[in-house]
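Asker: These are the residues of each chain, in order.
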Amino acid sequence: MHEMSLLEGIIDLVEEEHRKQSFDRVRMIRIKVGDLATAVPDALRFCFDIIARGTIAEGARLEIDNVAGAAWCDACRHSVALIERFEPCPECGGAHLRLTAGDELQLTEIEVE
Amino acid sequence: MCTVCGCGTGHHGHAHGSGTINFGGGLAATHVAGWSQERTIRIERGILAKNDALAATNRNRLRAAGVLALNLMSSPGSGKTSLLVRTILDLTGRRPIAVIEGDQQTSRDAELIRCAGAPAVQLNTGNGCHLDAHMVSHALEELPLLPNSLLFIENVGNLVCPAAFDLGEAHKVVVLSVTEGEDKPLKYPNMFAAADLLLLNKTDLLPHLEFDMDACLAAAQRVNPTIEILPVSARTGAGLEAFYRWIDAAASTPDHEVTPHPRFVAPG
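Keeping their order, the protein sequence lines are chains A and B. Just so you know, we're using my numbering here: the first sequence kicks off at 1292 and counts up by one. Just so you know, we're using my numbering here: the second sequence kicks off at 159 and counts up by one.
Everything labelled a hint here was simulated from the structure, so no lab data went into it. Honestly, I wouldn't trust all of these hints.
Said to hold, decoys possible - According to the in silico footprint, chain A covers these stretches of chain B (three or more CB under 8 Å from chain A):
| # | region |
| --- | --- |
| 1 | 206-217 |
| 2 | 279-293 |
| 3 | 316-324 |
| 4 | 384-391 |
Bear in mind that the values here come from a model prediction, so they are computed numbers and not experimental data. By construction, the Cβ of each residue, glycine as well, lies at the ideal position given by its N, Cα and C atoms.
Please take these sequences and the hints and turn them into a complete structure.
Answerer: Structure (structure tokens):
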């Protein structure tokens, strides 16, 4: 359940932006969550309203963009799709894959008024 | 559509990687007096950015004080506290030790540590499943940070969440007891991938178990080819001298403050 902490991190970043720029409310918060990141999108959605309550983000919509896992295989020099972390290369069976996408945990943009 | 990032809004221009940009072209245009001005603000920051910044502050503070900090993580019941008590007793006179104890509730572990002779701060996380850099920063204020000392941060017993939060430690150490089964590194790979050292505890119980040591080592090395593995028993003391030598080596490495594991650095 560290999704609660991640959401607090998101709200902190939004409130930081609120101190820098003037807006009255946040309509939408867009985040990027990699399929191999340490967060579960459904859990983030489930907790969002509770964490946003009483903050500048109260009532905002949470939009989550998923990012599929991908890695570079040093052995066969291919970029491959990755469903699970630390699995061998689906092309050549090589063990040393370097993750290139899928571990994103990022606040992308907010829509404000 | 924006041809640079592919986002669907199409009403803005922005430079990638340039930080924050205001978008003036909301659905209600600026020149229409009295209409609310809706706009999109690009942020592009890692969600863990705040934690990572606090962790960097902790890391600098510990480095300046000459403290080697180890973040000790495992599932509940692997023997972290027993291992610490034994280590404190064994290293008395060799190296000062302080401990930050993380648990959901009670101060039982901190009391055990104090009985063993080391200063300890108990952090109760309530419903929280991990320690974060902010909690640790406050605990640091309560502890003596002596030169050439060792700080153990005993994380909340949990093989999942603590792996994602940098506390400012020099090394992450994962404890796995042989009663938990040899396949744990494959089932909870993020934790074992984040750690620099694996302490395989309760080896005194091996004669009573069907634990495949080779399979366990192979599993740990599959998710983390560079992980060091030391079999120990907090109960009998077997293998602990090797752990103390590992601590000495880590403490004497001039720049032991490593950057967080690359696979866990939040983007942005």
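Asker: When the hints from earlier in the document are held up against this structure, which numbers fail?
Answerer: 4
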